[in-house]
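Numbering (this note's numbering), first residue to last: 1 to 276.
The set of hints was computed from the structure by calculation and includes no laboratory data. Zero decoy hints are in this set.
Label pairs and their computed distance ranges (CB to CB):
1. PHE92 with ASP122: 34 to 42 Å
2. GLU105 with GLY230: 39 to 47 Å
3. ILE269 with VAL48: 27 to 35 Å
List time: in silico SDA-like cross-link candidates among lysine to any residue, alpha-carbon distance up to 25 Å:
4. LYS154 with SER267
5. LYS154 with GLU34
6. LYS154 with PRO21
7. LYS266 with ASP208
Virtual Cβ for every residue (Gly too), placed ideally from N, Cα, C.
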Amino acid sequence: MPAAFITIPGHIYAAFDSGVPESEIESNFPRIDEVIAYNGTAWIPVEVTLLDRGFIEAWQIGARQWRENSSRDQVEFLPIQAAWTAFEPIGFDTSERQAIDPPNEAALLRAYLTQLEEYVADAIQPQVARLQSRINSRGGTARDFNRMGLVYAKYEMINEAEHWFQRAVDEEPLADAFLNLGHLDFMQEDYIQALDNYEEAHDLEPNDPKVLLASSRAHHELENYGFAIGYYDRLKESNPGLADQFSYLQFRGQEYGRASDVALMKSVIIWGEDDQ
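Go ahead and model the full structure; you've got the sequences and the hints to work with.
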C-alpha cells in the first residue's frame with residue numbers, strides 16, 4: 001500500500017493512499033479537510049503515536065496537524081517510494097534481531113470492526129438526520145424510504161438497508177426499491193432471491209438499463225446464460241456505455257477468459273436512486 005512521511009516542525013508521522021480518486025473525495029468522505037489530495041487520489045494522514053487511542057482519533061489529529069502546518073507553509077509530504085531514492089532502506093538481519101511478529105488476527109479484526117462502525121455512524125449521521133426530519137415532517141414517501149435505505153446500503157449495513165427498502169415497497173411499488181432489495185440479495189450471493197426482486201423491478205420499469213443489467217447479472221451467476229445474454233442484448237441497445245463495462249455478460253461460463261475482470265465487476269453495484 002503506497003505510504004508517505006509527513007514532516008512538520010519537530011515531528012514526523014505517516015499517511016497512506018486510500019485509493020479513492022480525487023474526483024470522488026466529496027462523495028466518499030464526510031469531511032474533505034481530513035484527507036490530502038495527492039497525485040490524483042485521497043491520502044489519509046495518521047498520527048501514528050496515538051494509535052492506542054483508536055484509528056479514527058489518530059486520523060483526525062493527523063489531519064488537524066496537516067491543516068495547521070499547511071496554513072503556515074511548514075509541512076512536507078514525502079512519498080516513501082520517492083524517499084527511498086535518496087535514503088536507501090536499511091536491511092533487517094533476522095539472525096541478530098528478533099523477527100517481527102504479526103498481531104493477533106482475531107484481535108485485529110475486532111479492533112478494525114469497532115473503528116469501522118464508529119466511522120460509518122459518524123459519516124452517515126447527517127444524511128440520516130436530514131432524511132428522518134423529512135420523514136417525520138411529512139410522513140415519508142416510498143422514495144424517502146428508498147433514499148434512507150441507500151444511505152445504509154452504500155456502507156454495506158445490510159439489515160438497516162433492507163428495513164428501509166422493504167418499507168418503500170410496502171408503501172408503493174417502486175422499481176428502484178425492488179432493484180435495491182435485489183442488490184442486497186446479490187451481495188449475499190442469494191441469486192435466486194435477487195432475481196425475484198429484479199423481476200418485480202422489471203415488471204414496473206422494463207426498459208430501465210439498471211434493471212436490465214441486474215437481471216442479466218443474476219441469470220449469469222445462476223448459469224442461465226441464454227437469459228443473461230438476452231437481457232444483455234437489450235442493455236446494449238438502451239445503454240451501450242453501461243453494457244461495455246459489463247461485457248463479460250455476453251459470454252458463457254469461462255468463455256470470457258479474464259477471471260480478474262469478472263471478479264472486479266461483480267463487486268460493482270449500481271443502485272436504484274433518483275436525483276431529487
